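Chains as they are written, first to last, in the numbering used here: chain X, 1 to 202; chain A, 1 to 430; chain Z, 1 to 504.
These aren't lab readings, by the way, just hints derived from the structure by calculation.
One thing to keep in mind: the hints can contain errors.
No more than 27 Å apart at the CA atoms, straight line, and that leaves these computed lysine-lysine pairs for BS3-like [as the list claims (entries may be wrong)]:
no.: 1; chain 1: X; residue 1: 109; chain 2: Z; residue 2: 257
no.: 2; chain 1: A; residue 1: 196; chain 2: Z; residue 2: 25
no.: 3; chain 1: Z; residue 1: 36; chain 2: A; residue 2: 196
no.: 4; chain 1: A; residue 1: 374; chain 2: Z; residue 2: 130
no.: 5; chain 1: Z; residue 1: 220; chain 2: X; residue 2: 109
no.: 6; chain 1: A; residue 1: 196; chain 2: Z; residue 2: 61
no.: 7; chain 1: A; residue 1: 196; chain 2: Z; residue 2: 90
no.: 8; chain 1: Z; residue 1: 94; chain 2: Z; residue 2: 67
no.: 9; chain 1: X; residue 1: 109; chain 2: Z; residue 2: 227
Note that this is a predicted model, so its numbers are computed, not measured.
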Amino acid sequence: MAGVVKVALPPRDTNLFQMAFGYTSTILTGMMKTFSIFWVQITGKEKTETREWPEQPATYSDRFKGKHFLTRRDDGQVRCTACFLCATACPAECIHIVAGQHPSNEIEKFPVRFEIDILRCVFCGFCEEACPVDAIRLGPEYAMSGLSGDKWIYTKDYLADRGELHGGISSVKVENEKHFTTDHHPHGDDLIATDAPHMRHH
Amino acid sequence: MAQDKPRIILRTEGLANPRALKTYIEHAEGYTAIKKVLGGAVTREQLIEEVKASGLRGRGGAGFPTGLKWTFVPQSDTGPKYLICNNDESEPGTFKDRHICTVNPHQVIEGMVLAAFAIKANKGYIYTRWEFQEEIGYLVEAIKEAYAAGFLGKNILGSGFDFDLDHYSGAGAYICGEETGLISSLEGKKGQPKVKPPFPAVSGYLGRPTIVNNTETLANVPWIVNHGAKEFRQYGTEKSPGSKLFSISGALVRPGVYEVPLGYPFERLVQEECGGYLPGRSLQALIPGGASAPLLTPEEVKGLTLDYEAMASRGTMLGSGAIMIIDDRQVLAELLKVTIEFFAHESCGQCTPCREGTGWLNNIMDGVLGGTAKPDSVERMRTVAKHMGGKTICALSDACAMPVTSYVQKFSGQLQAYLAQAAAAGSHVK
Amino acid sequence: MSEATQGSVETVTFTLNDREITVPKGTTVMAAARLKDVYIPHFCWHPGLKIAGVCRFCLVKVDNRPKLEIACNLTATPGMKVSSVLPEVKEAHKWALEFHLVNHPLDCPICDQAGECKLQDYYMEVGKYKSEMDRPKVLKPKALDIGSELVLDTERCILCDRCVRFEEEVTKTGALGIFNRGDRAVVGTYPDKKIEHNYQDNLVDICPVGAFTSRDFRFKQRVWFLKDKPAVCPGCSTGCHVDVYAKPQVRSYFRLKPRESAVNGFWMCDKGRNTYKHMNQEQRLRFPLVAEGSVARRKTTVDEALAALVGRLLAANKEDVALLVSAQYTCEEYKTLFDLFVVKLGVSKVYQWREPTEDLKAFDGLLYRGDHNPNTRGLSEALKAAGLPSEVNNGFDELVRQAPPLVIALGPEVAFQFPSLPAQLKQLEQLPFVSLWTIDGAAANYAGLKHLLPMKGFAEKRGHYLNFEAKVGELADPFPAGSDDARDVTEVVAALGDLFAHSL
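For reference, chain X alone in the conformation it holds in the complex (with noise of 0.2 Å):
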């Protein structure tokens, strides 16, 4: 039971040397192009865009989509505060994150486990975006090579652990949001404002 394959023929009407004609020319168009590109390369006017990778690493925009990292606090912390909303918006559900009370009321909720199924991922940045603590980037790491499976899941460690990452970006962000656990007086100097958004929604 094969199936019918349709193919766009010419219209009935056009005679053959038509036909040849506009075969040859498109061809010779295409031809023209390459043989042009060709010897503008052989003759040295233009350089050679092949390299000799990974000996010589190419550079891509800042904004380049890479590997993910996780950014940290300025005391060290993970910044994720697991709220799961990267997880939310991943449209490849990569992100696995299992929640936990922090030691410490000042950070309360914190990722105990994060991990990124990186074959799954399709590094469209929705995470990036739906995180409303910046704890989440796309970094500037495109090689991305391993053997065994079980590299292929990122853990946290992985994710907030490259320090200065290839490329230059710095996984440590500052910290300037903080929540107190303490009963301060209410009209006091020593509060700090939340600049936030007013409401956040998934």
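Once you have looked at the hints, place chains A and Z on chain X.
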């Protein structure tokens, strides 16, 4: 022809030993009204009718007709009923009830017996604010004297009418001056107003019918019984009959409490009773009825008479008769801050608009005075105050919103100066 | 409303949003709106609690009255015209929300209530404004330990007073109060008091925001990943109507919440809320375990396990077969079970499996009863229908004494309500052959039990329970079973019936 300045309440003022029962009986027709009523010369219905006819209005601030209030107690209800004298005088600038307690406490007690007879209550309380420790002593002493003389207790003057009177004091919260807040406090709960309906006249103290009247209101009743509604109406205006105590404070030669008929010209009170402004001072603004009343400018004060209607026509209120003279040396922005801070501190925290609104306004004022407020802060205060008004269980929210609105409307220049200063220094940018 | 009740109750007719509605006399506008599915936004009003009137959110406009009034304390009077949709009312709602949010920390990302928070809902419904608040917020204590099941965050609290009223009116424990005044007001327990009753999680349910969070559910899952279905709590003979929250794609159950009904009102107890745990992977028996002849006990398929059981049954006399039935299965399951074994196969030894320490008469005055089985009445009815003695009694010891050669035992589903279960399973190990049908994974630890069949949980099957007063609780909308091999009794009996039909 009635006297120009009647003595209805402060009848023993200026006499030697004014608080004593003896003085009251000898010089102020003391306890003759209850003899008249309990002796059977006046029936319960006639008493209520007389008070209604007198046009006596509540002197605590709202000005609700007293006789009408008494009729709200369900007559069919045969269970216990309560009468409470609201002596929790906490409106900033008010000190008239305190003066009554100091000068003529027995008239309040006699008024209470009459009111209790009218509403068939056999138990009464005088609720005084905690800070009036001295006055509490006077009242307790007066109650003791009245018991000893048989004007309180079982079978008063052989009439078969029982009335027990106790004194009680809260912990000094402003909101306990609101009648349901007072009742909550009297019940031993956190002093906060109760949602209405049901009104206290139907379900008040301990869920029973309760009438709460102001000290000054009650002190008027014996005089009305003795002299009749007609004579009472000779004083004051058509809609605000009788006399009223005004507690007047500020840069005056003789500030204090004065009893004058309602409708008395403000300027005359200042010049005659109070001896005029202190040398070199002039009026910058007038608070006519306690901290919660909207401010008046000197222009608005021109031709002002002291009665409920004249105040209402100028968009403010007579309130409890606490007149505060704000002279030209005062910084109005600081006055506003103090006023708001007072209400933010005294808000019971029950209703959201009041709890958050008073705090928010206070917060903004902190910013205005501290130079950290955003340039549109004055406008914001107006909006916040607008949405705080008329939405809560009691009137504290309005009490805070009204002065803010009037201030922002009439005196915003001073606030704008602060904001301009902050903007110039750049300190409002966080 | 039926005509009979209309005749006996005095009614009032008033207009709400241009719609004439008739309600019993004395009904508030808020309650009337709820009856007629008109939604007036509110925080502090709760149908199961007294009126507080403090959130000032449910403002409505009544014709010819100057001020807006709160619908929760506004009694409907004949001819009254009420609107909750006028522009001025909507503006008031918006500002009511703004006031609630002025000092709210907006820590939605770490708040368990996010997704079912009234503040969020109303923001989308009546808010959607840019906040005017540009000043520092009031900070209050967070993550307080105030009860064994509860965590309190006073910063998120909007002081609606619901929890305080619940403590006063429902449990009558009065441990909570609102302290301090103004915007410093905080909710909390009285000094040296903790919330120590069996109804703590109701505070989490009635809290419209994330001030009270459940210690059990805390941080486990975001609610928008969960799916809820109605069921009946199997924890005791009250049979509270509940909603079961689960994440079916990972076969996990997360919590139970009460569903409003005539049986349980708005509440349920904390014990009952634990009755989802046995359906989770780590606790449940996920596959059949069968020891056959000289072969040691091993994991098998359901078909093999049933074939082995049928083989035994065919070989046995009907006098040698006994049923041991706990009262934790549905009426339908009992009926099919007894139809096959008692009516068709003529088995007459049917024993009730009950917890020996239970106190049938115990009742805490609210919901929780001493009979920790959801279907004691249903079992009795089924026994009666099968012509067997139907009074409630514990036949476990009698069965052990008789030691019949072949026992089919329907084990209790909620094992934690059976403290003697480990001892009882040990006793069953001693019997010649017991086929234990259970969801309880701990049963696998008893190596002497030669035939274990995994059962479905209450949220995974259809059927009915009869509660203590014979009110029907329906399991109508099951989740897929947490294990592929799990069956309910009806399915097992049907399969056994088929096998018999083929064998005979």
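Here's how the hints hold up against the structure:
Distance restraint check for residue 109(X) and residue 257(Z): the Cα-Cα separation of roughly 23 Å lies within the 27 Å cut-off, and the hinted pair is therefore satisfied. Under the criterion of a C-alpha separation no larger than 27 Å, the hint pairing residue 196(A) with residue 25(Z) is consistent with the structure, at around 19 Å. Proposed proximity of residue 36(Z) and residue 196(A) is supported: the alpha carbons are some 25 Å apart, at most 27 Å. In summary, the hint linking residue 374(A) to residue 130(Z) is supported, as the alpha carbons are separated by about 15 Å, within the 27 Å threshold.
In summary, the hint linking residue 220(Z) to residue 109(X) is supported, as the alpha carbons are separated by about 11 Å, within the 27 Å threshold. The hinted pair formed by residue 196(A) and residue 61(Z) meets the criterion: a straight-line CA distance of about 17 Å does not exceed 27 Å. With a C-alpha separation of about 23 Å, the suggested pair residue 196(A) and residue 90(Z) falls inside the 27 Å cut-off, and the hint holds. Between residue 94(Z) and residue 67(Z), the direct Cα distance comes to roughly 17 Å. Compliance with the 27 Å bound is thereby established for this hinted pair.
Using a Cα cut-off of 27 Å, the hinted pair residue 109(X) and residue 227(Z) holds, with the two alpha carbons roughly 23 Å apart.
The structure fails none of the hints (numbered hints given earlier).
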